[in-house]
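As a plain string of letters, each chain reads:
2 protein chains.
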Amino acid sequence: MKIIPVKLGPRSYDIHIEPGLLKTLPKHLASFNKGQQWIILSQPDIIQLIGNDLQNSLLKSGFYCSIIPIPNGERAKSFDQYQKIIEAMVQAGCDRSTTLLALGGGVTGDLTGFIAATYMRGVDYFQIPTTLLAMVDSSIGGKTAINLKMGKNLVGSFYQPKGVWIDPDLLTSLPREERISGIGEIIKYGAIRDAPFLETLSTWLDHLETFPFTKAIEHSCTIKSEIVAKDEQEDHLRMILNFGHTIGHALEAHLQYGGLRHGDAVSYGMLCAGWISEQTGLLNSEERQFLEDTISKLPSPSLPDIDPNGVLQHISSDKKYRDGHLNYVLLSGLGNAVISNQISMALIAESLKVIL
Amino acid sequence: MKIIPVKLGPRSYDIHIEPGLLKTLPKHLASFNKGQQWIILSQPDIIQLIGNDLQNSLLKSGFYCSIIPIPNGERAKSFDQYQKIIEAMVQAGCDRSTTLLALGGGVTGDLTGFIAATYMRGVDYFQIPTTLLAMVDSSIGGKTAINLKMGKNLVGSFYQPKGVWIDPDLLTSLPREERISGIGEIIKYGAIRDAPFLETLSTWLDHLETFPFTKAIEHSCTIKSEIVAKDEQEDHLRMILNFGHTIGHALEAHLQYGGLRHGDAVSYGMLCAGWISEQTGLLNSEERQFLEDTISKLPSPSLPDIDPNGVLQHISSDKKYRDGHLNYVLLSGLGNAVISNQISMALIAESLKVIL
Chain A
93 MKIIPVKLGP RSYDIHIEPG LLKTLPKHLA SFNKGQQWII LSQPDIIQLI
143 GNDLQNSLLK SGFYCSIIPI PNGERAKSFD QYQKIIEAMV QAGCDRSTTL
193 LALGGGVTGD LTGFIAATYM RGVDYFQIPT TLLAMVDSSI GGKTAINLKM
243 GKNLVGSFYQ PKGVWIDPDL LTSLPREERI SGIGEIIKYG AIRDAPFLET
293 LSTWLDHLET FPFTKAIEHS CTIKSEIVAK DEQEDHLRMI LNFGHTIGHA
343 LEAHLQYGGL RHGDAVSYGM LCAGWISEQT GLLNSEERQF LEDTISKLPS
393 PSLPDIDPNG VLQHISSDKK YRDGHLNYVL LSGLGNAVIS NQISMALIAE
443 SLKVIL
Chain B
93 MKIIPVKLGP RSYDIHIEPG LLKTLPKHLA SFNKGQQWII LSQPDIIQLI
143 GNDLQNSLLK SGFYCSIIPI PNGERAKSFD QYQKIIEAMV QAGCDRSTTL
193 LALGGGVTGD LTGFIAATYM RGVDYFQIPT TLLAMVDSSI GGKTAINLKM
243 GKNLVGSFYQ PKGVWIDPDL LTSLPREERI SGIGEIIKYG AIRDAPFLET
293 LSTWLDHLET FPFTKAIEHS CTIKSEIVAK DEQEDHLRMI LNFGHTIGHA
343 LEAHLQYGGL RHGDAVSYGM LCAGWISEQT GLLNSEERQF LEDTISKLPS
393 PSLPDIDPNG VLQHISSDKK YRDGHLNYVL LSGLGNAVIS NQISMALIAE
443 SLKVIL
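The listed protein sequences correspond, in order, to chains A and B.
So that you can map any letter, position 28 of the first sequence is 120 in the numbering used here, and since no number is skipped, the others follow by simple counting.
So that you can map any letter, position 317 of the second sequence is 409 in the numbering used here, and since no number is skipped, the others follow by simple counting.
Keep in mind that the hints were calculated from the coordinates and are not lab data.
Among the clues, some could well be false.
Since the list gives no way to pick one copy over another, a pair counts as held whenever it fits inside one copy or between any two copies.
As the list claims (entries may be wrong) - Dumping the calculated BS3-like pairs for lysine-lysine here, alpha-carbon to alpha-carbon at most 30 angstroms: (1) Lys322 to Lys99; (2) Lys94 to Lys176; (3) Lys126 to Lys322; (4) Lys115 to Lys254; (5) Lys241 to Lys176; (6) Lys322 to Lys254; (7) Lys244 to Lys126; (8) Lys244 to Lys119; (9) Lys254 to Lys244.
Please read all numbers here as calculations on a predicted model, not as lab measurements.
One chain only, chain A, in its complex shape (with noise of 0.2 angstroms):
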């Protein structure tokens, strides 16, 4: 098993991954069974795929496991779920020693972790990803958020889990277009902080169904905690993971969150942003290619007809860039992300050629 430390001082955790790991969790959890109520919060498929297997061979090994089902979708980080769950868990007896298992992907994680940081003013909590996106990234590091009706991820607060558990071989059971989408936030730390790493993908993408995803994830997760364990509540350098976010939020949000997905459109982001890398001179042009021929090895669905000023709405009525202060991710060579405040509008909406 693969363990990576998270070095937050007291706050510290591991990030284990293995294959199979699912199978094992009870004899890896019993450290941390002190006879205290444990909750599964997860979504009715996952429940029934893999929860209900998971609250079985607990309730085996002597935890106290219960199940609180969250609905499908985005709309289960809603205030009013929030609130409900809340009192689902009073009505169920749950105490400050209480302990919640995230099993799920990004919605179930970021709920199940601002559940954790306000219930009683704090319990512990566990992350357990079931999706590429939430294994090499949402998982870890602390960041959990409900949504508002007026934008995403409004409320919520920096409080981090007792441990992440990630099972690669929950892949499998992923639809292919799911997984091919994640590997979209793995190039992503590779251009932002490890160039070897972007050149070794770029090989395994030759090949894509022999991709090594234990591998990725593995190194993905290193270099995640490396930036989270430099920079927990994102004051500076943590920015650089929204490499590729900008645009990237900016295309869901116009197609409302349901015509791509997440990492998909995080790859059309990067790929304007390393044109715009190109553009301020950070980046020559033998690497923003390079850039690019990885991206596109990835065989991302293509974006429907997309009318530009509809996705530059969405960036230029964010309050960060009215105010001028919009940071934007570049990259000062491969491997390597700078952040600048010095990014015009018009060449914005110049790099989206590249995409539209």
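Here the structure of chain A is known, so what remains is to put chain B in place on it, guided by the hints.
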């Protein structure tokens, strides 16, 4: 100006105490003003009394400052109000740089702190307590919370303010009974941690009309900050702050939080806890008598007719008691609190005879 540090590593801050402080607050806060949005959260009566003036003086000093009113009374701490204020902040364009000022008593401080803890994963806030209870207790230590219909303070977090600003002159605007009640919590600090302070308090209480509130607040804040610094998240030592609170809370709950001020309830609770301490051999009769005499110098309102079983019901229905984990704070000598989980319901019932 008296400055008392709360030493919590990267979350350290200072408590500032000075009569008339409110008038010079803009000067003191100037170093924290980077042009961000400042929001005063306060209840209507306090806004009229001092909130509008504070806003005006901040505006004059170049702060971009507005007021968001919250309802009077405990219902300000409801889930609905929490959501409403968060939404109002989004609409007002608040971002991660926004700074909150909690101007009021414990309800305002608890709610504001929880909003600060969770708005966009955390913004800065300052406590400006206006009641004696808030000055010596709730404004210090970062306990934030809101209520559910099923119980008080079930949702919250530990989230420290960036500073506490105490103006004892504000106490003169409080009803006399409110000030008297708060002295109960001050006596508590002497009882649990500082026998000489308890003796001093006893002599001060012989001349209640000249009670030196500023000195008493300074001393109380020093004790509280020392305890919080040693046990931020109430894993052990911080529990001693609950001296007098087991029965105190039960009295308040039995009277549905309408019939008794919190400080008075704590005073009655301390009389019972002192009696139990003597019964269990932790306090000699002379010490117990001194504690009782000191508390009795407070002209606390007499209790209405109360059925002891109703009060006991509230203690025994507490989940902590059912699980056998009820941590009862007792005194092993004056100024030295200890925690026992060996106190039987029968002994607690008997102790009620001291006050009912």
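Tested hints:
no. : hint             : verdict
1   : Lys322 to Lys99  : both (9 angstroms within a copy, 23 angstroms between copies)
2   : Lys94 to Lys176  : neither (37 angstroms within a copy, 45 angstroms between copies)
3   : Lys126 to Lys322 : between (32 angstroms within a copy, 25 angstroms between copies)
4   : Lys115 to Lys254 : within (19 angstroms within a copy, 46 angstroms between copies)
5   : Lys241 to Lys176 : both (17 angstroms within a copy, 12 angstroms between copies)
6   : Lys322 to Lys254 : both (18 angstroms within a copy, 22 angstroms between copies)
7   : Lys244 to Lys126 : between (36 angstroms within a copy, 26 angstroms between copies)
8   : Lys244 to Lys119 : neither (37 angstroms within a copy, 37 angstroms between copies)
9   : Lys254 to Lys244 : both (25 angstroms within a copy, 27 angstroms between copies)
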